[in-house]
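Visitor: Residues per chain are reported as follows:
There are 2 protein chains.
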Amino acid sequence: MSIKDILYLGDTDLRQQAGYLAGVMSCSGISFDYLPSNLSFDEKLLKNSYKAVVLSDYPSSNFTASQLEKLAEMVKDGTGLIMIGGWESFQGLDGNYSSTPLADILPVNISDSDDRMNVSSPLLISRELPHPVISELPFDKQAPVIGGLNRVTPKPNSEVILRGVKFTASKTESSYTFTQGESYPLLITGFCGKSRTAAFTSDVAPHWAGPLIDWGDARVNAQADGAEAIEVGNYYTQFFSNILKWLTKEI
Amino acid sequence: MSIKDILYLGDTDLRQQAGYLAGVMSCSGISFDYLPSNLSFDEKLLKNSYKAVVLSDYPSSNFTASQLEKLAEMVKDGTGLIMIGGWESFQGLDGNYSSTPLADILPVNISDSDDRMNVSSPLLISRELPHPVISELPFDKQAPVIGGLNRVTPKPNSEVILRGVKFTASKTESSYTFTQGESYPLLITGFCGKSRTAAFTSDVAPHWAGPLIDWGDARVNAQADGAEAIEVGNYYTQFFSNILKWLTKEI
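Protein chains in written order, with the UniProt record's numbering: chain Y, 1 to 251; chain A, 1 to 251.
This is chain Y alone, in the form it adopts within the complex (with noise of 0.2 angstroms):
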């Protein structure tokens, strides 16, 4: 039985896009199982007691309706969930949670058309409320671009932590003016029974964390085990490094 702290499911593959969470959690010490997205779940998994499980661009379609169930179940009796938005996450191209009892629990209602919005003009990161995960990280005063997020509707009783607030950037002569549009919930927490739940609609990886990923006055170099190295932002890491934490109630 393992005695890890995270069951970590999706972004592809360790040598590819899971090599960024991985290498946040390796240089944070947070211990986790890992099941690439094109790979079934496994329902032994299920067996062991993690204190949380994320599920980053694994596709619905890889659990049976049983172990959804069971996999809801859980959350229900005391590990933490967190969903974190991609192509394969929430609705999006391929993640079709619409309609799976994960919907029930998570702190969103999730649409059941393709909910991807892809923005390449600044989309920046707003905190909109306080929040152990986000204290001593200067969003106000160095605000993060993303590339994209999935769009969700907060349920009521839900936290909206930060949103994605969209620009439009144009250029007359040499001056640059920037225009306002929408803005989109980005992180959103809540509970279920004792277990904390968040929803984290952009990505943790390339392409949708673009520019996120180098937050920071500092660099991150750190590498999990069989994951490609990853060399990042020290904000970056810290950001999640906290949702992870507050997750398995260590913040």
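In case anyone wonders, no lab produced these hints; they're calculated from the structure.
A couple of the hints might just be wrong.
Put simply, identical chains are the same to the list, so a pair is met inside one copy or across any two.
Below 30 angstroms or equal to it, Euclidean Cα-Cα: the simulated DSS-like pairs (lysine-lysine) are [stated by the list, open to error]:
| id | residue 1 | residue 2 |
| --- | --- | --- |
| 1 | Lys155 | Lys171 |
| 2 | Lys4 | Lys245 |
| 3 | Lys245 | Lys194 |
| 4 | Lys47 | Lys249 |
| 5 | Lys171 | Lys245 |
| 6 | Lys155 | Lys166 |
| 7 | Lys171 | Lys141 |
| 8 | Lys194 | Lys47 |
Using the hints provided, position chain A relative to the given structure of chain Y.
Guide: Just chain A now, with coordinates in the frame of chain Y:
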């Protein structure tokens, strides 16, 4: 003997980052031979008469000294050449092109130390000069964001067509202030004998290309033979297609 338009070297692998430029070429009717970033250069390729060579995250250590000289000779004799940025381009983390014969014929001077600049705040593409590569693309109206670039110095007689302009976005109450910072050469064109040469100092693929990948008012789905399928913006596709067609003197 191959009669393809382009020799494309780098961007990891067709199943990973190289799927982007390969997809663009595929849907633009541009034929190419390809070599991934982890394979040494194959000298037999120099016997083909390509119209242009694309180097993108293909470390200089993949070439022998004599292969680099022969490639430089080919360019002097009429083959177009572009280097596209990344951690294994220009000097980068592992590009190491500063003291190669290619540094002599590219339109920019390459630093002899790490030239990578990762930017988490809005780094906008700014149009500096008219050029067939960028005509009809709305750089002014909808400036797209990139996530980083290699810092290079344009040579005399080169033309800087695009620059990357850095902004810091800060929030007070609910309103944002954008403060313009430095700008950096992004698309630089030149000539070498009868050949056209260019440097694009950001990446064509994640993570540096970031939000630029989705630039457009319509989506493009494309897939080159043996490559990962891509879904990108139509302006992104047009832009890189234009660059290659300019290098091969089709526009």
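Visitor: Cα distance capped at 30 angstroms. Does Lys171 pair with Lys245 within a copy, between copies, both, or neither?
Guide: between (42 angstroms within a copy, 27 angstroms between copies)
Visitor: Given identical chains, is Lys245 near Lys194, meaning Cα to Cα at most 30 angstroms, within a copy, between copies, both, or neither?
Guide: within (16 angstroms within a copy, 60 angstroms between copies)
Visitor: For the identical chains here, do Lys155 and Lys171 meet the 30 angstroms Cα criterion within one copy, between copies, both, or neither?
Guide: Only across copies: Lys155 and Lys171 sit 27 angstroms apart there, 39 angstroms inside one copy, limit 30 angstroms.
Visitor: Check Lys194 against Lys47 for me: Cα-Cα at most 30 angstroms, and say if that holds within a copy, between copies, both or neither.
Guide: Within. Shortest intra-copy distance 19 angstroms satisfies the 30 angstroms Cα cut-off; inter-copy 68 angstroms does not.
Visitor: At most 30 angstroms between alpha carbons: which applies to Lys47 and Lys249, within, between, both or neither?
Guide: within (21 angstroms within a copy, 63 angstroms between copies)
Visitor: Please work out whether the CA atoms of Lys155 and Lys166 approach to 30 angstroms or closer within one copy, between two copies, in both situations, or in neither?
Guide: within (22 angstroms within a copy, 37 angstroms between copies)
Visitor: Please sort Lys4 with Lys245 into within, between, both or neither, judging by C-alpha distance up to 30 angstroms.
Guide: Within one copy only: 13 angstroms inside a chain, 53 angstroms across chains, cut-off 30 angstroms.
Visitor: As a check of your reading, is Lys171 near Lys141 (CA-CA no more than 30 angstroms) within one copy, between copies, both or neither?
Guide: both (24 angstroms within a copy, 6 angstroms between copies)
The structure is consistent with each of the numbered hints, conforming to all of them.
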